[in-house]
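Chains as they are written, first to last, in this note's numbering: chain V, 1 to 362; chain R, 1 to 106.
For the record, the hints were derived by calculation from the structure and aren't laboratory data. Check before you lean on any hint, since a few could be wrong.
[What the hints assert, rightly or not] Here are the simulated BS3-like cross-link-like pairs (lysine-lysine), alpha carbons at most 25 Å apart as the crow flies:
{"hint": "1", "chain 1": "V", "residue 1": "199", "chain 2": "V", "residue 2": "36"}
{"hint": "2", "chain 1": "V", "residue 1": "36", "chain 2": "R", "residue 2": "51"}
{"hint": "3", "chain 1": "V", "residue 1": "199", "chain 2": "R", "residue 2": "81"}
[To be verified] A few chain V residues that don't get close to chain R, going by computed Cβ distances all over 10 Å:
{"hint": "4", "residue": "16"}
{"hint": "5", "residue": "17"}
{"hint": "6", "residue": "42"}
{"hint": "7", "residue": "102"}
{"hint": "8", "residue": "130"}
{"hint": "9", "residue": "196"}
{"hint": "10", "residue": "231"}
{"hint": "11", "residue": "271"}
{"hint": "12", "residue": "288"}
In this text, a Cβ means the ideal position worked out from N, Cα and C, and glycines have one as well.
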Amino acid sequence: MAAAARDYRLTGADDRAAQEKGLASAVWYASPIPRKQMKELMRRTDGPAVRDTLIWFASLAVFGGLGCWLWGTWWAVPVFAIYGVLYCSASDSRWHECGHGTAFKTRWMNDVVYQIGSFFVLRQPTVWRWSHARHHTDTIIVGRDPEIGVPRPPSLFGILLNVFAIRSGLREWRSVLRHATGRLAPEEASFIPAMEQWKVFRDARIWLAIYAVVIGLAIGLRSWLPLMLVGLPSFYGAWMYLMFGLTQHAGLAEDVLDHRLNSRTVYMNPIFRFIYWNMNYHVEHHMFPMVPYHALPALHAAMKADTPEPYPSVLAAYREIIPAVLRQRREPGYCVQRALPPTARPWTPAPAPVNAMPVAAE
Amino acid sequence: MSEETWVTACRVDDVDPEDVIRFDHDGRTFAIYRTEDDGWYATDGLCTHEKVHLAGGLVMGTIIECPKHNGRFDLRSGEAKGPPACIDLRTYPVRVEGDAVLLRVA
């Protein structure tokens with residue numbers, strides 16, 4: 001029997017169904033971590049993020065400068081390919097971590113890097129802060145999560161368009177233009193509180209002003225170079241964050257209250273982990289989002305016995321994702337069932353009167 | 001002041017400095033905080049954003065951060081200090097008598 005088509009809109013039938021089934025703002029499974037250990041894991045410090053941000057900025061300066069020097073030659077192509085990844089794909093993780101406020105201990109540092117990362121990765125800072133909060137409240141709950149990357153049945157054409165952020169980028173630009181006129185889409189109004197909505201309009205107008213300067217420079221200099229440095233990398237540099245991002249949830253279960261079943265942890269090499277800021281530890285991040293990126297490997301070690309086997313590489317993850325996504329085109333009800341190890345604590349969600357985090361045994 | 005409105009929430013040794021503990025009483029839930037300099041404070045236990053219990057969160061100085069979405073509050077005043085927390089927490093008087101931490105509930 002074919003599965004009923006799902007309604008992924010935040011204001012549609014599956015939103016109401018999720019609320020009726022108790023899937024909205026629900027209690028999620030949390031692996032037992034002793035409080036003292038969790039406090040250590042959550043502890044904030046500026047050092048790692050300051051170091052990584054300086055390296056990131058320096059890399060952007062080096063490759064951006066090299067690209068300018070080599071502009072007009074074919075050597076500029078690989079240089080700008082790297083620059084684009086550093087500008088856009090690395091910004092995905094900076095946007096993410098700083099949006100959580102966990103990268104740095106010092107609040108303003110998180111805010112500054114968040115704004116920069118948001119601009120580079122082309123995600124409006126206020127809109128996405130709130131949509132990401134909803135993603136963490138209702139991870140891959142259909143009708144509730146605005147960040148389900150591969151809705152079913154999957155559109156392969158849509159995924160391919162996003163290799164260079166064509167679909168997502170143009171959609172974001174339409175949204176920026178709408179916001180600059182002081183209007184929100186109905187779905188956005190469903191997750192952005194009224195008291196925060198003025199920031200959406202402000203952000204859009206600031207972005208338009210910045211892009212006006214860059215475009216003006218390009219026109220004045222009669223060169224694409226200014227746009228190759230600011231603006232276009234949000235498109236040509238997107239492919240790596242898509243490659244990483246699809247490993248997070250694609251092909252896994254929807255409408256479950258256990259991140260072990262709807263998220264993946266994938267082991268990656270140090271270069272990938274620098275660009276991705278350890279977001280490959282995605283089960284861990286969703287279960288305990290207050291743990292900063294630099295402590296995620298330690299958190300992973302602490303809860304490993306309670307979680308499914310991590311994927312040994314990005315390639316291994318895609319060996320599962322590609323057949324799963326292709327099968328979901330024929331069978332939208334299909335998903336990969338993650339197996340819990342014998343050492344894992346099984347958990348069946350029960351209705352709870354308050355949305356309380358389970359207290360771990362000491 | 002009626003002594004009956006003060007309830008024993010926990011023992012002093014139940015809470016480390018710069019930490020938080022959950023206390024449930026009479027169908028309500030609270031968060032009891034101990035700061036690094038031995039200040040004691042209490043707020044409603046649930047984050048005003050999505051009703052996640054703050055006892056699982058992180059105390060940093062006089063800030064409590066929600067464990068789910070990293071919303072921040074001043075644990076002394078309950079003031080929301082960082083999104084997605086926008087609505088203040090209600091606070092409650094706390095006093096220490098010997099090794100007991102007492103909370104005044106209305």
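These are the hints, each one checked on the structure:
With a C-alpha separation of about 38 Å, the suggested pairing of residue 199 of chain V with residue 36 of chain V is violated against the 25 Å cut-off. A threshold of 25 Å between alpha carbons decides the hint, and for residue 36 of chain V with residue 51 of chain R the separation of about 23 Å falls inside it, so the pair holds. Distance check on the hinted pair: residue 199 of chain V and residue 81 of chain R sit about 16 Å apart at the alpha-carbon level, within 25 Å; holds. Every Cβ of chain R is farther than 10 Å from the Cβ of residue 16 of chain V; the closest lies at roughly 19 Å, confirming the non-interface assignment.
Non-interface status of residue 17 of chain V relative to chain R is upheld: no Cβ of that chain comes within 10 Å, the nearest being about 19 Å off. Listed as outside the interface, residue 42 of chain V is inconsistent with that label: its C-beta sits roughly 5 Å from the nearest C-beta of chain R, within the 10 Å cut-off. Consistency note on residue 102 of chain V: stated as away from chain R, yet its beta-carbon is not over 10 Å from all of that chain's, at 7 Å minimum. Look at residue 130 of chain V: its CB is around 7 Å from the nearest CB on chain R, not clear of 10 Å, so calling it non-interface is violated.
For residue 196 of chain V, the non-interface assignment is contradicted: its Cβ lies about 7 Å from the closest Cβ of chain R, within the 10 Å cut-off. Distance to chain R confirms residue 231 of chain V as a non-interface residue, since its nearest Cβ pair spans about 27 Å, more than 10 Å. Distance check on residue 271 of chain V: its Cβ is at least 28 Å (rounded) from any Cβ of chain R, clearing the 10 Å threshold; non-interface status holds. Non-interface call for residue 288 of chain V relative to chain R: violated, since the shortest CB-CB distance, roughly 7 Å, does not exceed 10 Å.
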